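There are 2 protein chains.
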Amino acid sequence: MQTRYFALRDYPKGTPSRELFDLRSQELPGLDDGEVRIRNSWLSVDPYMRGRMSGVKTYVAPFELDAPLEGAAIGEVIESRHAHFKAGDKVRHMAGWRDIAQLKGDVLEPLPDMQIPEQAYLGVLGMPGMTAWTGLNRIANLREGDNVLVSAASGAVGSLAVQLAKARGGTVVGIAGAADKLEWLEQHDIRAVSYKGKDARQLSADLKEACPEGFDVYYENVGGDCLEAALNNLKVGARIAICGFISSYNEEAPAPGPSNLANLLIQRARMQGFIIFDHWTEYPHFLEEVGPRVAQGEIDYEETIEEGLERTPDAFLNLFDGANRGKMLVRL
Amino acid sequence: MQTRYFALRDYPKGTPSRELFDLRSQELPGLDDGEVRIRNSWLSVDPYMRGRMSGVKTYVAPFELDAPLEGAAIGEVIESRHAHFKAGDKVRHMAGWRDIAQLKGDVLEPLPDMQIPEQAYLGVLGMPGMTAWTGLNRIANLREGDNVLVSAASGAVGSLAVQLAKARGGTVVGIAGAADKLEWLEQHDIRAVSYKGKDARQLSADLKEACPEGFDVYYENVGGDCLEAALNNLKVGARIAICGFISSYNEEAPAPGPSNLANLLIQRARMQGFIIFDHWTEYPHFLEEVGPRVAQGEIDYEETIEEGLERTPDAFLNLFDGANRGKMLVRL
Numbered sequence: 001m002q003t004r005y006f007a008l009r010d011y012p013k014g015t016p017s018r019e020l021f022d023l024r025s026q027e028l029p030g031l032d033d034g035e036v037r038i039r040n041s042w043l044s045v046d047p048y049m050r051g052r053m054s055g056v057k058t059y060v061a062p063f064e065l066d067a068p069l070e071g072a073a074i075g076e077v078i079e080s081r082h083a084h085f086k087a088g089d090k091v092r093h094m095a096g097w098r099d100i101a102q103l104k105g106d107v108l109e110p111l112p113d114m115q116i117p118e119q120a121y122l123g124v125l126g127m128p129g130m131t132a133w134t135g136l137n138r139i140a141n142l143r144e145g146d147n148v149l150v151s152a153a154s155g156a157v158g159s160l161a162v163q164l165a166k167a168r169g170g171t172v173v174g175i176a177g178a179a180d181k182l183e184w185l186e187q188h189d190i191r192a193v194s195y196k197g198k199d200a201r202q203l204s205a206d207l208k209e210a211c212p213e214g215f216d217v218y219y220e221n222v223g224g225d226c227l228e229a230a231l232n233n234l235k236v237g238a239r240i241a242i243c244g245f246i247s248s249y250n251e252e253a254p255a256p257g258p259s260n261l262a263n264l265l266i267q268r269a270r271m272q273g274f275i276i277f278d279h280w281t282e283y284p285h286f287l288e289e290v291g292p293r294v295a296q297g298e299i300d301y302e303e304t305i306e307e308g309l310e311r312t313p314d315a316f317l318n319l320f321d322g323a324n325r326g327k328m329l330v331r332l
Numbered sequence: 001m002q003t004r005y006f007a008l009r010d011y012p013k014g015t016p017s018r019e020l021f022d023l024r025s026q027e028l029p030g031l032d033d034g035e036v037r038i039r040n041s042w043l044s045v046d047p048y049m050r051g052r053m054s055g056v057k058t059y060v061a062p063f064e065l066d067a068p069l070e071g072a073a074i075g076e077v078i079e080s081r082h083a084h085f086k087a088g089d090k091v092r093h094m095a096g097w098r099d100i101a102q103l104k105g106d107v108l109e110p111l112p113d114m115q116i117p118e119q120a121y122l123g124v125l126g127m128p129g130m131t132a133w134t135g136l137n138r139i140a141n142l143r144e145g146d147n148v149l150v151s152a153a154s155g156a157v158g159s160l161a162v163q164l165a166k167a168r169g170g171t172v173v174g175i176a177g178a179a180d181k182l183e184w185l186e187q188h189d190i191r192a193v194s195y196k197g198k199d200a201r202q203l204s205a206d207l208k209e210a211c212p213e214g215f216d217v218y219y220e221n222v223g224g225d226c227l228e229a230a231l232n233n234l235k236v237g238a239r240i241a242i243c244g245f246i247s248s249y250n251e252e253a254p255a256p257g258p259s260n261l262a263n264l265l266i267q268r269a270r271m272q273g274f275i276i277f278d279h280w281t282e283y284p285h286f287l288e289e290v291g292p293r294v295a296q297g298e299i300d301y302e303e304t305i306e307e308g309l310e311r312t313p314d315a316f317l318n319l320f321d322g323a324n325r326g327k328m329l330v331r332l
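These protein sequence lines are chains A and B, in that order.
Using the numbering used here, the letters of the first sequence map in sequence onto residues 1 to 332.
Using the numbering used here, the letters of the second sequence map in sequence onto residues 1 to 332.
For reference, chain A alone in the conformation it holds in the complex (with noise of 0.2 Å):
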């Protein structure tokens, strides 16, 4: 049996160019012992994959060139040597920018029933979702009434973190670009502030409007501008959870920081990274918190779709422009 899969060419240097994702195929070989094959239904793409198009260790090897790419994807069984597996499971796994995958049964995970949509658990109940769970509960140590602000604020991850932040009673800020977007936040009672034609200065004027009390807490995903921006609304005590700097992950060079660092100390706040791998122990938490509000339509995601194998790179280097709304998936 064949596999279609995405290699990269070369690493890139800023902006990923579209030639450099080079869609191959291979004859796979037949099934070990303890080994599973599965036709993907969906592919996610993450902002985090361009870390490892940099040919350098961060907190995750690089890809290999001339590889298989990898990331999250779904898919059923239809092969199975793995006493946990049979054919027409559902499950998880980080074999993604391919359509058959073939693996360890080990390192699967076999989807929850909860009577939702199986490409939610790569986005709301996925990677994303819990990634804005933790950085809010686990990093930020959100509480009852906290002014919360949030930074690509419709995206997969900022989509579900003003929703929780939001269900605990305190103003929520939203920032992001397209009207669309704006307008997304607002029909959900998320201030909504838009980052586009504004220098730092105007963003911060613009959330101190939106939440002049200032911030307990920022989800940041963006970096640049809005991290400065935020830096100048802070509440004495705020904590920042650092989840990305999408702004700069295609730069050449890097860029200089905030200006206005000194805000964590007049205001004594704590700015922290995190990576969801560390925490992915909490995910059956996560999950039977989350889960069942999603279940019940009480938490709206939205997701950006693209059809087909080919159109994988095409989603990816989309995430960049902010061309998505809500999680940007494949569907194969």
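It should be emphasised that the hints constitute simulated quantities derived from the structure, not laboratory data.
Check each hint, because a few of them may be wrong.
Any copy will do: because identical chains look the same in the list, a pair fits if it lies in one copy or spans two.
In the DSBU-like style, the derived pairs of lysine-lysine whose C-alpha atoms are separated by at most 35 Å in a straight line are [unchecked claim]: (1) K196 x K57; (2) K235 x K104; (3) K86 x K196; (4) K235 x K90.
Note that the coordinates shown come from a computational prediction; the quantities given were computed from them, not determined experimentally.
Position chain B against the provided structure of chain A, taking the given hints into account.
For chain B alone, kept in the frame of chain A given last:
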């Protein structure tokens, strides 16, 4: 009775000029009930005072123009109408920058009797010492065996921080400038790294050489290139306690921050600002732990002393030229 005091003629922009500090005198009114008159013997000058000269409220109100400046001081009661104090008592208070202070007795702290020179209560056992201890223990959660980096490591705060850290058994590296400061560090078995004539890249490389495994804790007094270099040398789970950013206090315009904040994410590190006045209720605990070690000569503390009230502004301004080793004091 006359008091002689320094007042600020105007709020400085950039490095304050000596002429902004005006020595004045004033006839003191008679003592009211509950008041105490003190002859100051030692005055403290500290970097944080620059923040109070900005004319802007940060975490503490700005100094009033044309009024006596304030700061920690040690003196002897010469007249008292407060039941707890009598002539001859040694006290600490915040009415520095003057020779005679007249205050409500309620704001005075009697000096503990620990057989150490009284001016130590302005330094190693005063606010700077308490700041070192709090930053390490309460903000950075210093643990046994931690590798610790301290900037301005021979200053009033840093020189205690390196010794407290060293006692916990890990590698301790101190950043300083002048040769005698580096030597002082080496004498205390602290690995000394000079920042002189280096950019952040070179300083990063030198820190890496001094402690190849990286740092669990960074005690930050300086900012600028020191922070950037430290961020390049963090271990996973590192904690940064931000005590101050002395490199920026005299800047006229905000300078860009470090370009490598993404290391907070990669290393899942935490950076937290603190202000010692928030923690002052812990002072007795600090004194109990550190006081006996100072009395027994286990902790080396240095002093840089200017003589005479007239020299107080010079002592203060010298802080920003790195002219002090250990605590900068004025003896009256």
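How do K235 and K104 come out at 35 Å by Cα distance, when the copy is not named: within, between, both, or neither? between (49 Å within a copy, 32 Å between copies)
Alpha-carbon proximity between K86 and K196, which holds within one copy, between copies, both or neither at 35 Å: For K86 and K196, neither the intra-copy (50 Å) nor the inter-copy (66 Å) Cα distance is at most 35 Å.
Classify it for me, K235 with K90: is the Cα-Cα distance of at most 35 Å met within a copy, between copies, both or neither? neither (46 Å within a copy, 39 Å between copies)
When no copy is specified for K196 and K57, does a C-alpha distance of 35 Å or less occur within a copy, between copies, both, or neither? So K196 and K57 pass the 35 Å test inside a copy (33 Å) and across (31 Å) alike.
Checked against the numbered hints given earlier, this structure breaks hints 3 and 4; the rest are met.
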